[in-house]
Amino acid sequence: MMSAKRKRRDRSPSLSSDSKENIDFDEEDNPDRANDSDDSLDMEISSIGETSFLNSQDKSNYIECGTIKSLKLVNFMCHGHFAIEFGPRINFVIGRNGSGKSAILTAIVLALGGRSHHTSRGQSLKSFIKTGESRAKIVIKLNNFNNIDKSASFKYEEYGDTIWIERLLKSDGSSTYHLKNKNGKSITTMKKELDTIVKHFNIQIDNPIVVLNQEISRNFLNSKNPRDKYSFFMKATQLEDILNDYAYASEKTTLTELELDKKKKVLKDVASELKELKKKVSLFAKIDDQNNKLSSLDKELLWALVCEKEREFEEILSKIEENNGKVIEHTTTINKLENKLTKFSADKENTQKDLDDMAIKVDEIKAKIGEKTQILTEYKEKKNNFAIECSRLKNELDAMGKDEKHLERKINELKKQFGDVEKVEQERHLRAEMVAKLEEEERQLKAEIRTRKLHKEQLQGSISEIEKKIYGCKAEIDSIKSSIYRKKQDIQQARSSENDQLLRFGVYMPHLLKQIDLEFKQGRFVKKPLGPIGHLIKLRDPGAAFAVECCIKGLVSAFCCDNQGDANVLSQLFKRTLGNARPPMIITRRFTNLHNVSSNCIQSDKYKSILELLDIDQAPVANVLIDRSNIESIAYIANEDEALNVMTNAEKVPHNCNQAYTKQGTNMYPVKRNQFFKSYAPNYNQAKYLTHDISDYILSLEHELVELNKKWESRTADLTPLQENLQENKLDLVETTNKLSKLYDRANEVSRELEELKNVVETTPVEMDLFEKDLSDLRMEKTTRNEKLAGLQEKYSEMKTLIEEINVKITTLQDEKTRLCHEERPAREKMKTLEDQLVSVQRTLNRFKDNLTSVEEEIHDLKKAQESKKQEVENMRQKAMEETGQEIRTTRSPSDVKKEIVDIKRFMQEQESEIGDRDKIIKQYNDRIEAHERVLEQVETFEELLEEFKASTKMRLDKYRRLRKQITEKACQVFKIALDALNFSGILEINHDDCIIDGASKKAKTLDIKINPKVMVNSDVYKDTRSLSGGERSYGTVAFLVALWESCNSPFRILDEVDVFMDVVTRSTAMQILVENAKMKAGKQYIFLSPLGLVVDEKYVHVHRMPDPVRGISNVLSHTD
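The UniProt record's numbering puts the first residue of the sequence shown at 1, with every later residue one more than the last.
Hints listed in this document are in silico derivations from the structure and should not be mistaken for laboratory results.
Warning: the hint list may mix true and false statements.
[As the list claims (entries may be wrong)] List of simulated lysine-lysine pairs, DSS-like, C-alpha gap at most 27 angstroms:
| hint | residue 1 | residue 2 |
| --- | --- | --- |
| 1 | Lys-72 | Lys-170 |
| 2 | Lys-72 | Lys-182 |
| 3 | Lys-869 | Lys-286 |
| 4 | Lys-336 | Lys-353 |
| 5 | Lys-830 | Lys-353 |
| 6 | Lys-353 | Lys-402 |
| 7 | Lys-319 | Lys-869 |
| 8 | Lys-553 | Lys-481 |
| 9 | Lys-319 | Lys-863 |
| 10 | Lys-849 | Lys-870 |
| 11 | Lys-268 | Lys-863 |
[Said to hold, decoys possible] Between beta-carbon pairs, the in silico distance windows are:
| hint | residue 1 | residue 2 | range |
| --- | --- | --- | --- |
| 12 | Lys-469 | Gly-565 | 27 to 33 angstroms |
| 13 | Val-507 | Glu-728 | 47 to 53 angstroms |
| 14 | Glu-702 | Glu-457 | 45 to 51 angstroms |
| 15 | Lys-469 | Lys-800 | 46 to 52 angstroms |
| 16 | Tyr-248 | Val-507 | 25 to 31 angstroms |
| 17 | Arg-450 | Glu-816 | 51 to 57 angstroms |
| 18 | Thr-451 | Asn-786 | 44 to 50 angstroms |
| 19 | Lys-800 | Leu-778 | 45 to 51 angstroms |
Just so it is clear, CB atoms sit at the ideal spot from N, CA and C, and this is done for glycine as well.
My request is simple: use the sequences and hints to build the entire structure.
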């Protein structure tokens, strides 16, 4: 049975075609058909009006499809293995709490595709698996034949009269379905098939009056919110679905209106297309006019060509006169340059002569200074010798004075001394032994000091060497780190410049060029600087990129300026824009036409110069490369071996070739007279700036980065043992120094003791005469030494005077030398200037001579062209006169006339290709007019139909309100009848809109249940369900459910413990009402779950008694009464 929602959605209007030519309407979208559905709504209302649980026709054999035949549970909740067979009409499942009744309801909901939260018993499927088990299974059998007609069955030929539904629950929370026929053969495992079956049988497992579990019943009994009760009523009666359908229809109407607006816009597009077609039709007349114009333009073109040839003839005459003037001008300039060359040569000879004279004088002064310096050295040596001798004599005299005083003191002591000779002898013997012992110790100390001192020197040398190695290692590591950092920056910059060559010159370059453009627009530059040079040159041979970069070197990133003022402005701009980055080179040179380097360019049929490899649009850029790098005289020889063979053989070297570069960047200088072959390898191995594909350069950088990282790791590993060795040597040095200091202290102490022992003089009275004699000799020697010292001091003074005189002479000579050197510097600068001027004048002279030769050759060629052009003009004039019949004077050039002819032909071709065939366009134009009118009429018609659909929808909404009113009134009536069975009275206050009842304001969408129990039957006061006892409230719920069942068409209904709070009489009456109501519903199935016993003897009633629960045992058997 198709739901009302699907029926209404199928009838909702929509526009699906966006065609500008045809707008058609589907019959299904015709709003007139909405009127047909009004009858079905009337039928629904009348059928509800005719239905009554008091007047139902009994059809004993009729059983609705979708009723439950049996249920089997395995490891589900408290059941290990459980099976139950249901009767086709009324079933009571009786059992104590915990016996597994609610598990039956829960299993039915899950087996029919319900989710875990629909059961109000768990939040996940794994919670329904019996404790200790890994999976559970539910098997339910549904009736698929009503015993009358197979049309109500679902795929009867495939499933038969019974549909088996099996759902397997797993411990990971997942589940699977198996749908089988009556014989147990598996049909499908698709959940979609199950959903189709449930919809086909109108099984409403989420409708609370179809499946009423304990949780929903308890919430309803305890609910205090009238809005919740109203929502329960709307959902149970499916009025909520009908209301949602109207909301959906309203939404679709809005979307349809939007689509209709789009169609109106499409109509505008169609009108616009119609306008374009009209323009095309009007263009046919213009095409005819253009054809006539082409004929006259062809004649004008002939005479325009004649006029052009005449102008070319006049231009040749003008060029001949101009070149004659250039010959005179060049000849004059050459004479002036030759005079300048002669003058500069004479000045150079004179300057060179002056420099030679100065050099001779400087050499003479140097020779004199050398002689004086040699004499000064001899005098200083003599003076030093005299000073040393004087110092030695003074020291000897001082020692003699001390000896003299010592001898005088000893003589005086001897004169007074008288002592024991034997005692003196003993003391002498003891002193001798002590001296011998101390001398031995001193010898050993000196030997150990020498050893320790040598070890200390070795340690110091070793520490110095290690420190040098560590310093070098650290410096190398820092250098490698810097190289790694720069290499990473180069890689990053290279990768970012793969798609933008300008970024290869620096990340700042795009911004810098924008600033240069801005400064130039503001008038700060006389002429706009050009650069970077590498960005302004293109390679004719991409394979020569590396060779060209190696050749022009730093010029690849340089900028050219026309004058010094522009260079200063550009330099300031570099400072502001680049910050700390290294600024590019700025080359200042006047922007002139391209140099004529034909005389200096290499002449070879096989090899090209670097200049010939370059495609340079800017002449100043080419001039800079010519002036700075002489690229016109540098050959490009791609193969390394071939280049080596050519450059080492003077006969094979191309004429004017001064250098050559290979593809690998090797620079070679050829063998020439007075010049040997030289070769230099490049500093890097890949092109960076001029290549289109920078991937090789990036790979090279990455390889270099890997090598640097390896080198850094190696040097870091070498540093650790050096530092450890240095620390060990320093500790050993400290220990050796301390030991050496102690040895020095002990040696000094021993030396002092020896000196004291040795200074003890053994004196006897006999030696006094010897002391007196020594004193006399000493005084005589002292006198002699004093005389010698006076003579030496006199010679020292004389030598000092001579040295001062020589120093004065040397200073004078050096001043003279300095003066000559200062005079020589301007002369050398003048010489350098003259040499530069000679080179410049010579190059300019050669260029003018070459230009003069070229002009003379050009004059010769122009004279030949003059004769040829004159004959050509006469022939063209004769031909034009023959074709046109008269001379046509025109001021336009042939290119202008040709352009107009081409434009007219292109216009005609474009118009003809765009417009197409004349008859076809006119027919299409007429057809489009008819289509536009037809579509316009359809849109207007559809607007009228849409308005009728809105009116129909409004009318159906009114009928919905009547249906809602009828269902409400029927529910209230059945509710009162059900209450009357127990001598209760009560009312249902169902408020769909805001209203006032008995003077009290009632809010919309609320429902109040009010009951007057039998004890208060004579009272007009009704109680709210919250103030009733549990049994009274439960009975009220039963009466409410019976009232709602009148609008429910589900094949079965399940109620769980609605009678739990009733007394015996109330419960008996309630059960009787439920059974009576169920009996009157032909083919409907009812399942009531209750913990209380029941005595019923009816042929329609089946009672299933659940065994009392046994804790720990989940196997429950079922039987049928």
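How the hints compare with the structure:
no.	hint	result
1	Lys-72 with Lys-170	holds, 17 angstroms
2	Lys-72 with Lys-182	holds, 15 angstroms
3	Lys-869 with Lys-286	violated, 41 angstroms
4	Lys-336 with Lys-353	holds, 26 angstroms
5	Lys-830 with Lys-353	holds, 13 angstroms
6	Lys-353 with Lys-402	violated, 73 angstroms
7	Lys-319 with Lys-869	holds, 14 angstroms
8	Lys-553 with Lys-481	holds, 26 angstroms
9	Lys-319 with Lys-863	holds, 10 angstroms
10	Lys-849 with Lys-870	violated, 32 angstroms
11	Lys-268 with Lys-863	violated, 70 angstroms
12	Lys-469 with Gly-565: 27 to 33 angstroms	violated, 54 angstroms
13	Val-507 with Glu-728: 47 to 53 angstroms	holds, 49 angstroms
14	Glu-702 with Glu-457: 45 to 51 angstroms	holds, 50 angstroms
15	Lys-469 with Lys-800: 46 to 52 angstroms	holds, 50 angstroms
16	Tyr-248 with Val-507: 25 to 31 angstroms	violated, 60 angstroms
17	Arg-450 with Glu-816: 51 to 57 angstroms	holds, 56 angstroms
18	Thr-451 with Asn-786: 44 to 50 angstroms	holds, 46 angstroms
19	Lys-800 with Leu-778: 45 to 51 angstroms	violated, 32 angstroms
Checked against the numbered hints given earlier, the structure breaks hints 3, 6, 10, 11, 12, 16, 19 and satisfies all the rest.
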